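As given, the protein sequences belong to chains A and B, one line each in that order. Per the working numbering, numbering of the first sequence is gapless, rising by one per residue and ending at 390. Per the working numbering, numbering of the second sequence is gapless, rising by one per residue and ending at 199.
Just so you know, these hints were derived from the structure itself, not from any lab. As the structure is a computational prediction, the values presented were derived from the model and not from experiment. Fair warning: there could be bad hints in the mix.
[As the list claims (entries may be wrong)] Here's a subset of chain B near chain A, in silico, CB distances under 8 Å, partners left out:
no., residue
1, SER26
2, THR113
3, GLU178
[To be verified] Rough simulated footprint, nothing fancy, chain B against chain A, three-plus residues with beta-carbon under 8 Å:
no., stretch
4, 369-379
5, 383-390
Beta carbons are placed, not taken as given, at the ideal position from N, Cα and C, and that holds for glycine.
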Amino acid sequence: MDCYEIREQLYAYLDGETTVWRRRAVARHLEGCPPCLEGYTLKVTVRRVVAQRCQDPLPADLESRISALLAAEAAD
Amino acid sequence: MADQARFEEMTREYMPALYSHALRLTRNPADAEDLVQETYLRAYRAFPNYQEAGALRAWLFRIATNAYITMYRAKQRRPDERDLDGMEEWALHGAIGGLEAAAAARTAEAEAIDAMPDEDVKRALEDLPDVFRQAVLLRDVEGFSYQEIADITEVPIGTVMSRLHRGRRKLEEALSDLAVERGLVPTKEPAGA
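Construct all of the structure, not just a fragment, from the sequences and the given hints.
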């Protein structure tokens, strides 16, 4: 696979949603191709940042409001 | 009606994730709370028929996705999934002669993005078109597989992959641009050149 094909595969590689053969081919390519490796690094970074920065605290009373809502529903 | 205590006990642990997801989808806390309440109400009503053992989290996210579509359909702009096909940006970055410069710039970009405040990251995500944002959140925040995302959003797996691909690429561009805008990395081309 050339750089273009590798770059098309990077997200599936990152997600572990690829065949064993393709996985090996991508890994081998990344080892020997700094530009593709840098591209991969950016993708890994963005994914990690998204995963880490998108946790918001639950509003304090939401759980009890939902509980009350369900109780009202059950009483209907 | 389903046993309320049992339902709550089984679903409680997913509430923070559903709330964060709802907040990214609706972009404001009041709507996010409404969406989570609606999700739990719908799930509670459907719970007597729930039979997908072990897939409770995916089931709740599917209900949340449907509730979001129903509640916000009027506000939704249909994203154009055909736009910006392919890998033009990659081709640009990797243009012959610019490989090393592109690699160095991207390393700096990755570092700058890593150091960005939460609000910048959230805003960049919230600016993504709806279906792209959903796919990215379900995969990168919630860790669902492509197949699970296909089930949750009720589209073929190929569509999931395409949405993920485009959503992530837009997000990378947005965050890279923001890093440049903030002066966190040198611009890729000299100004006025």
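Whether chain B covers the stretch 383-390 of chain A (at least 3 residues having a Cβ closer than 8 Å to its Cβ atoms): holds (count 5)
Can GLU178/B be said to touch chain A, with a Cβ gap under 8 Å? Holds: closest Cβ of chain A sits about 5 Å from GLU178/B, inside 8 Å.
Check, residue by residue, whether the stretch 369-379 of chain A contains three or more positions whose beta-carbon lies closer than 8 Å to a beta-carbon of chain B, and give the verdict. Coverage by chain B holds for the stretch 369-379 of chain A (8 residues, Cβ < 8 Å).
Does the closest beta carbon of chain A sit nearer than 8 Å to the beta carbon of THR113/B? holds (6 Å)
Does the interface hint hold: is SER26/B within less than 8 Å of chain A, judged Cβ to Cβ? With a closest approach of 5 Å, the SER26/B hint holds.
Taken one by one, the earlier hints all hold for this structure without exception.
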